[in-house]
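Each chain is listed here by its residues.
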Amino acid sequence: AQSVSQHNHHVILSEAASLELGCNYSYGGTVNLFWYVQYPGQHLQLLLKYFSGDPLVKGIKGFEAEFIKSKFSFNLRKPSVQWSDTAEYFCAVNGRDTGRRALTFGSGTRLQVQP
Amino acid sequence: AAGVIQSPRHLIKEKRETATLKCYPIPRHDTVYWYQQGPGQDPQFLISFYEKMQSDKGSIPDRFSAQQFSDYHSELNMSSLELGDSALYFCASSFQSGGPTYEQYFGPGTRLTVT
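Each protein sequence line maps, in turn, to chains H and E. For what it's worth, the numbering used here labels the leading residue of the first sequence as -14, then goes sequentially. For what it's worth, the numbering used here labels the leading residue of the second sequence as 9, then goes sequentially.
Keep in mind that a hint or two might mislead.
[What the hints assert, rightly or not] Cβ-Cβ distance ranges computed for the label pairs, FRET-style:
id, chain 1, residue 1, chain 2, residue 2, range
1, E, I20, H, F57, 40 to 48 Å
2, H, W68, E, F77, 37 to 45 Å
3, E, F77, H, A1, 45 to 53 Å
[Claimed, not checked] One side of the interface only, derived from the structure: several residues of chain E facing chain H at Cβ under 8 Å:
id, residue
4, Y32
5, D38
6, F98
[To be verified] Derived coverage of chain E by chain H (criterion: at least 3 residues anywhere in the stretch with Cβ under 8 Å from a Cβ of chain H; other residues may be distant):
id, segment
7, 68 to 75
8, 81 to 95
Worth flagging that the hints you see were computed from the coordinates, not collected in a lab. All values reported here derive from a predicted model rather than from experimental measurement. Ideal Cβ positions, reconstructed from N, Cα and C, are used throughout, including at glycine.
Given these sequences and hints, build the entire structure.
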């Protein structure tokens, strides 16, 4: 069974600090990887995605993530966070080869950015 | 751009009542997914439909059923509601026929409160 682990449950940063959120997955096949953001009271929005090719992917709002296949990791980074980045961040995975298209989410990381 | 539409946005029901949640996917999207997000939890996959047929099943209780109609909208029917069913129910849609990327777009969710 596939699973996703997000090691940081709650992160507090000051504005302009750098961000890295960890995500590791367990899956017996080829995967698609996603990071979603959920602002307070809102729905999930796609930040970025990895399907194939360059393992460093860039998303919206200055976020990027790096897929390291040997480590089964897909960490999210941002060089300088803003107060408006306060939200919950979910890493998610689905399978490319099994046809299991439903997303499996990590437990989420709540990011709080202090002005 | 058109997004996923869910109705109602909020629903309050009593124990043992029934509820019907509706989801209207992005135009031309052929796949609908239902997820349940309990308070402070990550979204859990319930069920999905591709071209009006059930394509995958997750942790959906037997008290729940769903279907996708000819216009691709989907309905989640919930019976004998329990307090534990109180959650945010997300619908997501994707264009599966377009390739293996399986990118899902989420709706705003229906917040169900069972009293």
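Right, here's what the structure says about each hint:
1. E:I20 / H:F57: 40 to 48 Å: Given range 40 to 48 Å: holds, Cβ gap about 42 Å.
2. H:W68 / E:F77: 37 to 45 Å: 43 Å, holds
3. E:F77 / H:A1: 45 to 53 Å: With a Cβ separation near 50 Å, F77 (chain E) and A1 (chain H) satisfy 45 to 53 Å, so the hint holds.
4. Y32: 14 Å, violated
5. D38: 11 Å, violated
6. F98: 7 Å, holds
7. 68 to 75: With 0 residues closer than 8 Å to chain H, the segment 68 to 75 of chain E misses the three-residue bar; violated.
8. 81 to 95: Not satisfied, violated; 0 residues make the cut.
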